[in-house]
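Sequences listed follow chains A and B, in order. Straight run, no breaks: the first sequence in this note's numbering ends on number 206. Straight run, no breaks: the second sequence in this note's numbering ends on number 206.
Calculated directly from the structure, the hints in this document are not laboratory data. Since this is a predicted model, take the numbers as computed values, not measurements. Hints are supplied without guarantee of correctness; some may be wrong.
Each pair may be met inside one copy or between any two copies, as identical chains are not told apart.
To be verified - Derived pair list, reagent style SDA-like, types lysine to any residue, alpha-carbon separation capped at 20 Å:
{"hint": "1", "residue 1": "LYS187", "residue 2": "VAL167"}
{"hint": "2", "residue 1": "LYS137", "residue 2": "PRO96"}
{"hint": "3", "residue 1": "LYS129", "residue 2": "PHE45"}
{"hint": "4", "residue 1": "LYS187", "residue 2": "HIS163"}
{"hint": "5", "residue 1": "LYS129", "residue 2": "GLU103"}
{"hint": "6", "residue 1": "LYS187", "residue 2": "PRO33"}
Protein chains: 2
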Amino acid sequence: MSKVFFDIGLSLDGFIAGENRSPQNPMGGVAPAIHQWMFNQKAFWEHLKTTGGEEDTEDGDRIRQVFARTGAYIMGKRMFEEGEVSWPEDLFMAPVYVLTHEKREPWVQKGSTTFYFINDGMESAFEKARASAGKKDIRVQGGANLIWQYFNGGYIDEFTIHVAPVLLGSGIRFFDGIDRTTFSLKTIGASHTPLVSHLTYSVGR
Amino acid sequence: MSKVFFDIGLSLDGFIAGENRSPQNPMGGVAPAIHQWMFNQKAFWEHLKTTGGEEDTEDGDRIRQVFARTGAYIMGKRMFEEGEVSWPEDLFMAPVYVLTHEKREPWVQKGSTTFYFINDGMESAFEKARASAGKKDIRVQGGANLIWQYFNGGYIDEFTIHVAPVLLGSGIRFFDGIDRTTFSLKTIGASHTPLVSHLTYSVGR
């Protein structure tokens, strides 16, 4: 059964992004603090169609597995705009449904990534993603606002947070946008390497 | 080498306690949410010198290990006052140094728990705890304010947070009291059962 999930990096004090985000300053500049564990992995740079990273450990396997399980993405307009300027061709290797008010033709890339621009709401984006994903899973990619909408709307089956051992002190606190009254969580996974703890939860209603 | 540590329960959104704490309302009433994994364990109730709990799993072993490693405790006045009214005799089975302005004779209990009331500051309490602990470890027990003082003062070698899969939305955010500029963290442990993730960090300076 296809699952709907999100998979995000957080600081130990719960921030998913810093202040003053823009396409020129994605994530408010905190990506090196939160995502260092990814940047160290060859698997991460392979997906960016370049080389980099010194390591190929269980953290790299995890990166590959998340790409492999995902049959379709749903993305917010702001995240798309932050990424559009720098993502390489065919980063996602699956359809990406971008929720936006902008009317725009699909952006078909070489390979299997196509960005579709959805103007008629989250349920419409979800149905299209479900049809595309087949037996694979649907990833609600981000940003925070989009994940909150789908979480609070009852769409999310499970999620993983990658908790970096850093404190940021300011920015967007991820869990502040979650409606606390509508669900229960069960811890279904925890593992670590020195730069990160990977925690996975299933969501009950 | 004897270590200095703290070991606390947090909600997934980072709260160590709720609002309106008092001896009549310890932890602001959120203990059932944060500590359910402990309350399910026989080991927890054994230490309270009573019976309770349905389970005796790795979570119970963890409770026993934390008591076993601890040779002395340092505690804040407020936590002591919240607990004094309800703790059973000899709960801690080691000396407990309570930082307070109250002048009071040591409270010697049956067994090996003695509460000492320290009026001349955190360094004095620490030195007494170190002398008592011998080769065992020193636990900075709580509350949050006391842990912040010792963490920010550079005393803490490692810590464990037990993250419950619940969101509280308000109360005392534990990491807000940590001075972010003075240390680095390494993730050295992560495990889980359905009701909790146990994350352990070492502190570098």
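* Asked: Checking against the hints above, which ones are violated?
  -> Number 3 - this is the single hint that the structure violates.
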